[in-house]
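Asker: My request is simple: use the sequences and hints to build the entire structure.
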Amino acid sequence: CLKLLKLSSSVAGPAGSGKTETVKELARMLGYFCLVFNCSESVDLYILEKVFAGVAASGCWTCLDEFNRLDVDVLSVVAQQLQTLRHCL
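The sequence shown begins at 3 in our numbering and counts up one residue at a time.
Note that these hints are calculated values from the structure, not bench results. Don't be surprised by glycine CBs; every beta carbon is placed ideally from N, CA and C. Some clues are possibly wrong.
Claimed, not checked - Okay, the calculated beta carbon distance ranges per label pair:
#	residue 1	residue 2	range
1	G33	D75	28 to 38 Å
2	M31	S78	29 to 39 Å
3	E51	V13	15 to 25 Å
4	V38	L77	16 to 26 Å
5	L32	D67	15 to 25 Å
6	F35	S12	14 to 24 Å
7	S12	A58	16 to 26 Å
8	L32	V74	28 to 38 Å
9	F35	E68	16 to 26 Å
10	S44	Q83	15 to 25 Å
11	G33	R88	13 to 23 Å
12	T24	V57	15 to 25 Å
Answerer: The structure is reproduced here in structure tokens:
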């Protein structure tokens, strides 16, 4: 399991191919809740910090859907925050 190995994952593929549903089902099968968060250009750091704080506190899985839609300035900080979360596992 990725969590036991302290790893994370990125799922890629065409739209509508079932990436989000696959991650949600895998989390369910392993006994975890999966929070699906739809990213968009309007999502800022404040919103994502709240999402990450909730995820860290609850221990649930997170699926950042449409991650590529985040603003470039937000992406750079989010990458650092995700790295920090990963090291805390």
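Asker: Next, verify each hint and record whether it holds.
Answerer: Structure-based check of all given hints:
| no. | hint | in the structure |
| --- | --- | --- |
| 1 | G33 with D75: 28 to 38 Å | 36 Å, holds |
| 2 | M31 with S78: 29 to 39 Å | 34 Å, holds |
| 3 | E51 with V13: 15 to 25 Å | 23 Å, holds |
| 4 | V38 with L77: 16 to 26 Å | 19 Å, holds |
| 5 | L32 with D67: 15 to 25 Å | 19 Å, holds |
| 6 | F35 with S12: 14 to 24 Å | 20 Å, holds |
| 7 | S12 with A58: 16 to 26 Å | 19 Å, holds |
| 8 | L32 with V74: 28 to 38 Å | 33 Å, holds |
| 9 | F35 with E68: 16 to 26 Å | 20 Å, holds |
| 10 | S44 with Q83: 15 to 25 Å | 18 Å, holds |
| 11 | G33 with R88: 13 to 23 Å | 20 Å, holds |
| 12 | T24 with V57: 15 to 25 Å | 19 Å, holds |
When held up to the earlier numbered hints, the structure conflicts with none and fits them all.
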